[in-house]
Amino acid sequence: MDPYSKRKKELPERPPESTRPSPFPDEVLELVLGLLKSNKDRSSVSLVCKDWYNAESWSRTHVFIGNCYSVSPEIVARRFPKIRSVTLKGKPRFSDFNLVPRNWGADIQSWLVVFASKYPFLEELRLKRMTVTDESLEFLALNFPNFKALSLLSCDGFSTDGLAAIATHCKNLTELDIQENGIDDKSGNWLGCLPENFSSLEVLNFANLNSDVNFDALERLVSRCKSLKVLKVNKNISLEQLQRLLVCTPQLTELGTGSISQELTERQYTELENTFKHCKNLDTLSGLWEVMTPYLPVLYPACTNLTFLNLSYAALQGLELANLLRHCPQLRRLWVLDTVEDKGLEAVGSNCPLLEELRVFPADPFDEEIVHGVTEAGFVAVSYGCRRLHYVLYFCRQMTNAAVATIVQNCPNFTHFRLCIMNPGQPDYMTNEPMDEAFGAVVKTCSKLQRLSVSGLLTDLTFEYVGRYAKNLETLSVAFAGTSDWGMQCVLGGCTKLRKLEIRDCPFGNAALLSGLEKYESMRSLWMSSCNVTMNGCRLLAREMPRLNVEVMKEEGSDDSQADKVYVYRSVAGPRRDAPPSVLTLSVFTEGTSPKCRRWGCNPYFCDMDG
Amino acid sequence: MSMRLEHDYIGLSSEVPPMESSDKKFSAGGLHLKATELRLGLPGSESPERENGNSQLSIGAKRGFSVAIHGGSANWVFSGSPGSEPAFSPRAANAGKVITGSDSVPVSKDGLPQSPKPIAQEKKNQILGVNGHGVAAASKAQVVGWPPIRSFRKNTMASHTPKNDDDAEAKLGSGFLYIKVSMDGAPYLRKVDLKTHGSYTELSSALEKMFSCFTIGQCGSHGVPSRDGLSESRLIDLLHGSEYVLTYEDKDGDWMLVGDVPWKMFTDSCRRLRIMKSSEAIGLAPRAMEKCKSRN
Numbered sequence: 001m002d003p004y005s006k007r008k009k010e011l012p013e014r015p016p017e018s019t020r021p022s023p024f025p026d027e028v029l030e031l032v033l034g035l036l037k038s039n040k041d042r043s044s045v046s047l048v049c050k051d052w053y054n055a056e057s058w059s060r061t062h063v064f065i066g067n068c069y070s071v072s073p074e075i076v077a078r079r080f081p082k083i084r085s086v087t088l089k090g091k092p093r094f095s096d097f098n099l100v101p102r103n104w105g106a107d108i109q110s111w112l113v114v115f116a117s118k119y120p121f122l123e124e125l126r127l128k129r130m131t132v133t134d135e136s137l138e139f140l141a142l143n144f145p146n147f148k149a150l151s152l153l154s155c156d157g158f159s160t161d162g163l164a165a166i167a168t169h170c171k172n173l174t175e176l177d178i179q180e181n182g183i184d185d186k187s188g189n190w191l192g193c194l195p196e197n198f199s200s201l202e203v204l205n206f207a208n209l210n211s212d213v214n215f216d217a218l219e220r221l222v223s224r225c226k227s228l229k230v231l232k233v234n235k236n237i238s239l240e241q242l243q244r245l246l247v248c249t250p251q252l253t254e255l256g257t258g259s260i261s262q263e264l265t266e267r268q269y270t271e272l273e274n275t276f277k278h279c280k281n282l283d284t285l286s287g288l289w290e291v292m293t294p295y296l297p298v299l300y301p302a303c304t305n306l307t308f309l310n311l312s313y314a315a316l317q318g319l320e321l322a323n324l325l326r327h328c329p330q331l332r333r334l335w336v337l338d339t340v341e342d343k344g345l346e347a348v349g350s351n352c353p354l355l356e357e358l359r360v361f362p363a364d365p366f367d368e369e370i371v372h373g374v375t376e377a378g379f380v381a382v383s384y385g386c387r388r389l390h391y392v393l394y395f396c397r398q399m400t401n402a403a404v405a406t407i408v409q410n411c412p413n414f415t416h417f418r419l420c421i422m423n424p425g426q427p428d429y430m431t432n433e434p435m436d437e438a439f440g441a442v443v444k445t446c447s448k449l450q451r452l453s454v455s456g457l458l459t460d461l462t463f464e465y466v467g468r469y470a471k472n473l474e475t476l477s478v479a480f481a482g483t484s485d486w487g488m489q490c491v492l493g494g495c496t497k498l499r500k501l502e503i504r505d506c507p508f509g510n511a512a513l514l515s516g517l518e519k520y521e522s523m524r525s526l527w528m529s530s531c532n533v534t535m536n537g538c539r540l541l542a543r544e545m546p547r548l549n550v551e552v553m554k555e556e557g558s559d560d561s562q563a564d565k566v567y568v569y570r571s572v573a574g575p576r577r578d579a580p581p582s583v584l585t586l587s588v589f590t591e592g593t594s595p596k597c598r599r600w601g602c603n604p605y606f607c608d609m610d611g
Numbered sequence: 001m002s003m004r005l006e007h008d009y010i011g012l013s014s015e016v017p018p019m020e021s022s023d024k025k026f027s028a029g030g031l032h033l034k035a036t037e038l039r040l041g042l043p044g045s046e047s048p049e050r051e052n053g054n055s056q057l058s059i060g061a062k063r064g065f066s067v068a069i070h071g072g073s074a075n076w077v078f079s080g081s082p083g084s085e086p087a088f089s090p091r092a093a094n095a096g097k098v099i100t101g102s103d104s105v106p107v108s109k110d111g112l113p114q115s116p117k118p119i120a121q122e123k124k125n126q127i128l129g130v131n132g133h134g135v136a137a138a139s140k141a142q143v144v145g146w147p148p149i150r151s152f153r154k155n156t157m158a159s160h161t162p163k164n165d166d167d168a169e170a171k172l173g174s175g176f177l178y179i180k181v182s183m184d185g186a187p188y189l190r191k192v193d194l195k196t197h198g199s200y201t202e203l204s205s206a207l208e209k210m211f212s213c214f215t216i217g218q219c220g221s222h223g224v225p226s227r228d229g230l231s232e233s234r235l236i237d238l239l240h241g242s243e244y245v246l247t248y249e250d251k252d253g254d255w256m257l258v259g260d261v262p263w264k265m266f267t268d269s270c271r272r273l274r275i276m277k278s279s280e281a282i283g284l285a286p287r288a289m290e291k292c293k294s295r296n
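Sequence lines, in order, name chains A and B. Quick note: the first sequence uses our numbering, first residue 1, plus one each step. Quick note: the second sequence uses our numbering, first residue 1, plus one each step.
Simulated from the structure, these hints should not be mistaken for laboratory data. We treat Cβ as the ideally placed atom computed from N, Cα and C, and that holds for glycine. Any given hint might turn out to be false.
[Unchecked claim] So the derived label-pair ranges between C-beta atoms look like this: (1) Ser261(A) to Trp263(B): 17 to 23 Å; (2) Pro297(A) to Leu257(B): 32 to 38 Å; (3) Arg271(B) to Pro581(A): 48 to 54 Å; (4) Arg271(B) to Lys37(A): 39 to 45 Å; (5) Lys226(A) to Ser199(B): 47 to 53 Å; (6) Pro581(A) to Lys251(B): 48 to 54 Å; (7) Glu202(B) to Asn281(A): 56 to 62 Å; (8) Ala402(A) to Glu202(B): 32 to 38 Å; (9) Glu202(B) to Asn274(A): 28 to 34 Å; (10) Gly253(B) to Tyr300(A): 30 to 36 Å; (11) Arg271(B) to Asn197(A): 55 to 61 Å; (12) Ser269(B) to Ser447(A): 55 to 61 Å; (13) Ser447(A) to Gly253(B): 45 to 51 Å.
[Stated by the list, open to error] Lysine-lysine pairs mimicking DSBU-like chemistry, simulated, CA-CA at most 35 Å apart: (14) Lys154(B) to Lys497(A); (15) Lys229(A) to Lys154(B); (16) Lys277(A) to Lys154(B); (17) Lys154(B) to Lys554(A); (18) Lys154(B) to Lys148(A); (19) Lys444(A) to Lys519(A); (20) Lys195(B) to Lys280(A); (21) Lys277(A) to Lys195(B); (22) Lys277(A) to Lys148(A); (23) Lys226(A) to Lys171(A); (24) Lys343(A) to Lys277(B); (25) Lys171(A) to Lys186(A); (26) Lys343(A) to Lys195(B); (27) Lys497(A) to Lys554(A); (28) Lys554(A) to Lys471(A); (29) Lys448(A) to Lys154(B); (30) Lys343(A) to Lys251(B); (31) Lys519(A) to Lys471(A); (32) Lys229(A) to Lys277(B); (33) Lys264(B) to Lys277(A); (34) Lys186(A) to Lys154(B); (35) Lys264(B) to Lys444(A); (36) Lys154(B) to Lys343(A); (37) Lys50(A) to Lys37(A); (38) Lys37(A) to Lys554(A); (39) Lys154(B) to Lys280(A); (40) Lys148(A) to Lys40(A).
Please model the complete structure; the sequences and the hints are all you need to start from.
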């Protein structure tokens with residue numbers, strides 16, 4: 001018996017079969033559309049006609065909500081009755097960098113309450129930048145008997161007690177993925193809460209945790225779970241312990257090691273080497289916390305089929321990286337620390353012809369005295385060797401316009417270009433000019449560009465270029481840049497596919513903000529902090545655009561008329577009611593003027609559920 | 001001790017200091033607090049006279065130059081003859097020299113494009129203590145949320161590199177041990193990772209490579225003074241050569257000669273390195289060194 005109520009009772013009457021346009025019975029249509037996995041395709045399908053809209057709604061099992069406040073859980077449940085998997089994103093991205101007040105919102109609890117009643121057979125929940133309390137985790141564990149997969153990325157509000165609740169009650173758990181969260185690590189034995197006969201785990205990632213886990217419980221768990229494909233341990237797991245785990249798990253495809261810093265005897269070293277020789281199925285390797293570099297060679301045999309190598313917590317030198325990369329011929333994605341310096345990046349260029357993604361993180365971003373790291377030379381070297389590169393995140397302390405021009409000439413297929421010159425407002429260090437031409441080259445050459453982060457000394461010219469050329473741009477991040485409102489106006493006017501715009505510390509004011517009046521409804525969100533926007537500008541925006549939520553966060557001691565932080569997003573759920581006192585929600589209702597004649601309700605042309 | 005000649009490596013003439021501001025008088029041997037007073041500005045905003053000076057500089061040199069010491073110039077008492085100043089400490093001397101090298105730093109704020117906001121202003125007011133002990137540490141304001149690194153990464157890397165207030169020179173991670181290396185006459189310091197070297201010889205050759213561009217105008221062990229210090233033949237043997245002496249500061253704060261103790265003991269106790277001119281080490285008069293250099 002289908003747990004969900006029969007559709008015929010809920011929807012308006014359909015015309016008789018002979019006059020219906022579609023020759024297919026609804027069930028067939030649903031079956032066919034059920035095979036569609038891509039959200040974009042599903043959105044398109046739902047626009048064809050009412051029948052297809054209904055069929056799509058009924059056949060959908062996974063929903064992605066890019067902004068948890070753009071829609072309410074009730075609206076989601078009404079439209080999609082058969083959801084088994086939910087992905088939700090909450091706070092604005094700048095909350096990762098402490099720009100959003102701690103209690104801002106995005107609490108999962110109100111969603112769980114609705115899901116418990118509407119989706120009792122929910123299986124998967126993936127959250128990013130949401131607030132999740134231990135109570136919510138317990139509620140989740142107790143109210144969803146089929147629950148299988150939990151993934152928490154960059155969330156906060158919970159502790160290891162919450163994990164214990166999940167471990168205790170979720171009998172069908174296949175995935176527990178805890179990444180980079182603000183977790184209250186109370187230690188304790190959450191892992192031991194998994195029942196002794198429990199064996200369904202396929203993904204376990206607790207690299208986030210700083211405390212020890214019960215190793216015996218872990219070892220027994222890992223040997224029981226024959227389907228375990230992903231295991232990422234935390235840095236407290238020693239090499240010796242890792243070796244014992246790996247012996248039980250030759251089928252692993254993704255491994256996150258513990259620390260590589262324990263002193264090994266020769267026998268231990270050989271044993272470890274042999275164990276890694278048997279890890280032939282690995283496509284992803286990460287961890288390597290506190291790596292003692294003489295032991296790196298022990299990993300070499302496991303690297304033959306690696307496509308993703310995450311060394312972003314391992315402070316390797318250039319030479320060590322070079323030696324390691326020689327054993328990774330299949331590498332597609334590489335994350336490193338800038339301790340490898342330009343020499344290391346030259347090695348990347350020489351050894352990784354298939355590389356598609358490179359991320360270089362700074363080892364010491366806040367230390368002004370550090371004078372090494374990577375420079376433009378390293379990036380250029382990579383671009384000569386890795387022609388398939390299309391995703392880059394690069395933190396550096398110096399860059400030139402000429403280097404960037406060379407880089408995009410070598411690699412014109414960039415879809416994601418995120419360059420962070422760490423000193424705000426720094427010009428081309430050789431010519432002293434602004435970095436306008438660098439980003440001009442990027443947008444002119446890389447027609448597929450979807451995501452761009454700019455940095456360095458930039459005038460409005462950069463944004464003129466962006467508006468004129470970046471026609472596929474969806475996400476733009478700007479900091480300490482621009483000269484006047486004109487810059488932001490160019491972007492809003494020119495980037496037709498823009499969905500997310502986040503700006504901090506730029507001289508953009510009300511004129512710029514209001515130039516996007518008509519645009520924001522086609523975007524997911526706009527963030528502006530430490531710019532020149534005033535409360536009046538925000539009020540005007542809220543008044544003119546009732547379907548936008550305009551939220552202002554004030555900082556202590558700031559001028560009453562300034563809007564320090566502004567977050568604007570489209571929503572069919574109306575202004576939210578759970579904002580803390582420091583967040584002002586400006587809406588047409590609070591601003592006291594009559595709303596424009598637009599209908600509320602779930603408008604399929606509008607639904608932000610697909611991002 | 002003349003500082004001017006040390007400017008050659010960055011392409012500035014040795015005659016007239018191409019310093020833009022006319023009020024920047026500078027002379028060897030004198031106390032010119034105004035000369036040591038540096039002004040602030042965004043890196044790279046130096047005036048145009050410094051055209052090609054930058055191209056020879058390596059990573060980060062810009063940063064070292066353009067961040068200035070704000071006030072507190074009294075702390076940077078500059079003495080022309082290090083030997084003669086009883087209160088002189090190597091640290092201050094190095095600092096002084098760095099200032100010297102960077103005295104073309106000054107910034108005309110007029111030349112800057114409109115700077116965005118108070119936050120950026122705050123950033124400009126960051127004070128850099130050259131020797132790691134920030135002169136006005138209180139003013140070192142960090143821009144919130146910049147660079148954009150997630151808290152988890154920040155906290156993880158921070159725990160890897162414990163920062164002691166009194167020991168800011170040695171950055172110890174489990175994979176590396178970075179210590180500062182200064183060289184007399186060089187405008188900026190470098191950092192070297194002691195863990196990547198297994199012996200004194202390795203360290204010495206690494207340091208030679210790092211600092212070879214600064215060794216010009218020396219009456220080197222080759223006996224032939226040369227104009228251009230960038231050729232490879234000018235490598236100095238730091239351990240055995242006569243021009244420079246490699247010294248280090250140990251955990252007790254004493255300056256020791258490198259090479260006496262076993263390597264492991266050395267890496268455990270070394271907090272920073274200084275490549276000292278032999279003349280200084282044995283207290284020769286600075287003018288004698290000047291003559292030597294002026295044969296350039």
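Would you pick out the hints that fail for this structure and give their numbers low to high?
Result: hints 4, 7, 10, 13, 32, 35, 38 break, sorted rising.
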